[in-house]
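> In order, the protein sequences belong to chains A and B. Counting from 1, one number per residue, gives the positions in the first sequence under my numbering. Counting from 1001, one number per residue, gives the positions in the second sequence under my numbering.
Be a bit skeptical, because a hint or two may be false.
Claimed, not checked - A few chain A residues that face chain B, going by a derived Cβ cut-off under 8 angstroms, partial list only:
| no. | residue |
| --- | --- |
| 1 | E278 |
| 2 | A284 |
| 3 | G286 |
| 4 | T288 |
| 5 | L366 |
These are calculated hints, taken from the structure and not from any lab test. Where is the CB? At the ideal position from N, CA and C, for every residue including glycine.
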Amino acid sequence: MIGIIIGIASVITIIALGNGVKQKMISEFQTSNSGEQTTEISYDGEESASSGFTTSDVSQVKQQFGRELSHVEFKKDTNNISINSATVGNSNVGTSLSLLKSPMSSSRLIYGRNLSKADLALDQHLILLSSKLAKKVYGNAKNALGTAIMINGISYRVKGIFKPSGYDKYSVNFLLSQKTYYSGTTINRANTLKLTVKKGYGASKVTNEVVSYLKKHGQNRRAGNYSYFDEGALLKSISTVMDVLTYFISAIAGISLFIAGIGVMNMMYISVSERTQEIGIRLAVGATQKNILWQFLMESIMLTVGGGLVGFLIGWGFSSMISLLIPYHIHAIVTLGNFLLAFGVSSAVGIIFGLLPATQASKRNLIDILR
Amino acid sequence: MILLEKINKFYRQGNQMVHILHDISLTIEQGEFVGIMGQSGSGKSTLINIIGFLDRQYQGDYIFKDENISKYNNKKLTTLRNQNVGFVFQNFKLIQNMSVAENVALPLMYAGFKKKTIRKKVSDVLTKVGLAGYERSVPTQLSGGQQQRVSIARAIIGNPTFLIADEPTGALDSQTSKEIMTLFKDLNTTNKTTIIIVTHDPQVGQQMDRLLTILDGHLTSDSGVHKNEI
């Protein structure tokens, strides 16, 4: 009985967690309601200032993969965008900038004022300058406040000086509002291409095809490399590990169930021999051998199914508890199928190990019993 | 109704065959109150096992209601037993962990009656044996006489054609024995149920309408034959 509870509980625990991982994987695949999935191809240029995808690339991909893709567009870059020329003070610099959707944390601000929410939402031509560049151009960083900076022919007024950092979006020289930067411009180049794959086509397969097409026909194929980071593949490998783990635990649970089954068989044999009189009486008053067989079989099934259901509940609780303890927000998911599995396995154990004692009970010689 | 013709029964004991019944031939008619007497080991229990469709390993013919049942298979015999025979045993043979009502209901349950019908019949039959209101009791709470009444209730609930009682008073004191015998007589006269009682108590044997005596597997005397002739 305890063996059955443990066996079923462990199987349900691992299966519930496995389900959680699979669920996570599906949601990470960015499947929209219509069943479409989006993927991204990025371009790494050898020259830092170049952007990989051009409008002609987009139209070529659209033409070539019209059947599989519903949408091809540039992804508006927000971080570390390279620009060829910006005029700061009197000097021309090739540099990079990041775009803000929400205000920068004020702890980075050194002089001046931060860009507020309103500044970002309205089409204000305001900009934040890194202290490094400001010092280089103006000597004292404070002097940069209020000066004008020309980027791509548009002038911005410096509102504040911020402290740049290592390798994230703040490693750039300029910070400005995303809305302002893209307003009025149609982007004709980008470093990331966003694909929307139609329902029924494997997202990673199609994307890989697009990547290899671009490697042959893309405009900037000689200056850089196209790559596709398959998040799905990563999660798939996790789920493969989960699958292997599931088989392993199932094997252990199988042994536990087998031992439990032998215990049940033993119990049933004892029950049959203790209740010889009862069997005799039942046979004498008109029970058939089949009736007796079913009676003992049902008793053994009830025993194991009871254990199975308790095990199912314990497994459910245990897996939910584990899912609270592990990171990545994996929720334990128990389905109706799992319930039926627990039910089926435990009743199968009941039938397999109850059959022999029940047959023995039904084959008892009536005259010997009643003597 | 019951017609036995040249019944012989052997069984193996170690290496030798024991011939336990020798050419038993007898008839029992509907409504008779028959006693079978004999010493222990004389074969009377074997004989009632054959009459009560419990044993089918014998030679000879058993004609029950104009049908030869000696070649019936186990399943057919079980149905026949369920519909026609009620058993009362010496040590009551009640199932200890079931209530009186459940014990009494067993034959009807196996015959496939509806629960509602069963409940009504159970209370009827318990009233008949003088145990009204004992439905929920457990056999161990009852006295020997009461337990035997439950066992009789179980035997008669299916309205059997005949009743077989193997030493029904063997485990009871003389006072309760008398009560149980009165109950049997009542059943015989009011319901016209055929009753076959096995006993080695001459006191009980005397109360029978007809008495068969068995000695070493031979039917040695049959008082009924004389009665019928007279």
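> None of the hints should be skipped; say for each whether it holds.
Hints and how they fare:
1. Given hint, E278 (chain A) at the interface with chain B, holds; its Cβ is 5 angstroms from that chain's nearest Cβ, closer than 8 angstroms.
2. With a least beta-carbon distance of about 5 angstroms to chain B, the hint placing A284 (chain A) at the interface is held under the 8 angstroms criterion.
3. With 8 angstroms as the threshold, the beta carbon of G286 (chain A) comes within range of chain B, its nearest partner Cβ sitting at about 3 angstroms, so the hint holds.
4. This hint holds: T288 (chain A) has a C-beta 5 angstroms from the nearest C-beta of chain B, less than the 8 angstroms allowed.
5. Checking L366 (chain A) against chain B: minimum C-beta separation of about 6 angstroms stays under 8 angstroms; hint holds.
Taken one by one, the earlier hints all hold for this structure without exception.
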